[in-house]
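Trainee: Residue numbers (this note's numbering), protein chains in the order written: chain B, 1 to 111; chain G, 1 to 114.
It is worth saying that the hints were derived from the structure and are not from the lab. Here the structure is a predicted model, which means the values were calculated and not measured. Beta carbons: idealized from backbone N, C-alpha and C, even for Gly. Any given hint could be a false lead.
Said to hold, decoys possible - Listed below are several chain B residues computed to face chain G (Cβ distance under 8 Å; list not exhaustive):
no., residue
1, P8
2, V21
3, L61
4, T100
To be verified - What follows is a list of derived Cβ distance ranges for each label pair:
no., chain 1, residue 1, chain 2, residue 2, range
5, G, E44, B, K59, 19 to 25 Å
6, G, G16, B, T20, 46 to 52 Å
7, B, K57, G, Q83, 42 to 48 Å
8, G, T70, B, G16, 30 to 36 Å
9, G, T70, B, S12, 41 to 47 Å
10, G, Q50, B, L19, 34 to 40 Å
11, B, E15, G, Q83, 42 to 48 Å
12, B, E41, G, T78, 37 to 43 Å
13, G, D63, B, S27, 26 to 32 Å
Stated by the list, open to error - Here are some of the chain B residues that sit facing chain G, going by a computed Cβ distance under 7 Å:
no., residue
14, F10
15, L45
16, G94
17, T106
18, R110
Take a look at the letters that make up each chain.
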Amino acid sequence: TQLLEQSPQFLSIQEGENLTVYCNSSSVFSSLQWYRQEPGEGPVLLVTVVTGGEVKKLKRLTFQFGDARKDSSLHITAAQPGDTGLYLCAGHTGANSKLTFGKGITLSVRP
Amino acid sequence: GAGVSQSPSNKVTEKGKDVELRCDPISGHTALYWYRQSLGQGLEFLIYFQGNSAPDKSGLPSDRFSAERTGGSVSTLTIQRTQQEDSAVYLCASSPSTGNYGYTFGSGTRLTVV
């Protein structure tokens, strides 16, 4: 059983479209993070959320942490080809625990 | 250094040989993590270090896998008697400490066992 379920698994959209992807769990997290990974590189941290209901914005990306700290969403406004990549969510279940990762969402933005 | 450095970037080895993968974390980061990523899979946790100690080795797939960290800095992941199922990208990350910190990842070592 995967601790963190990400959906959809694959998404292909046209440049300029908006999209929302999800990260869900039955477990409570002390913090949740989103990373983006490009081919041949390691994941790069986009955001960390720690408070239930928290919303953070990074340019055209909006991240929300669920009120119960069990889930998160990522919304991209006016997607660009440069947004193409693998989006991974990851959570800490305790103060000294390692990060547990979901399987990721592969996003392709067509010009 | 400025980032997390992993070497080699690519390694092709014959089944049954031993391999060593190296990770040089960001200077001053006390926590160091090893993950494995296979095609179509997320990141699979292997082991983490706080200083030179490994509080959690629960992700190591078998006793053929071992890791050490010396001087609170460089870490080496060793795979003995490699098998084809060990083929994957091995990623190392570091963070200032354990807790809700973000990780900085290296670019990984792509291991291919033939």
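Trainee: All hints are to be evaluated individually against the structure, with a verdict given for each.
Mentor: Okay, the hints, checked on the actual structure:
| no. | hint | in the structure |
| --- | --- | --- |
| 1 | P8 | violated (14 Å) |
| 2 | V21 | violated (14 Å) |
| 3 | L61 | violated (15 Å) |
| 4 | T100 | holds (7 Å) |
| 5 | G:E44 <-> B:K59: 19 to 25 Å | violated (31 Å) |
| 6 | G:G16 <-> B:T20: 46 to 52 Å | holds (48 Å) |
| 7 | B:K57 <-> G:Q83: 42 to 48 Å | holds (46 Å) |
| 8 | G:T70 <-> B:G16: 30 to 36 Å | violated (51 Å) |
| 9 | G:T70 <-> B:S12: 41 to 47 Å | holds (46 Å) |
| 10 | G:Q50 <-> B:L19: 34 to 40 Å | holds (38 Å) |
| 11 | B:E15 <-> G:Q83: 42 to 48 Å | holds (43 Å) |
| 12 | B:E41 <-> G:T78: 37 to 43 Å | violated (24 Å) |
| 13 | G:D63 <-> B:S27: 26 to 32 Å | holds (29 Å) |
| 14 | F10 | violated (11 Å) |
| 15 | L45 | holds (4 Å) |
| 16 | G94 | violated (9 Å) |
| 17 | T106 | violated (9 Å) |
| 18 | R110 | violated (22 Å) |
Going through the hint list in order, the structure does not satisfy hints 1, 2, 3, 5, 8, 12, 14, 16, 17 and 18.
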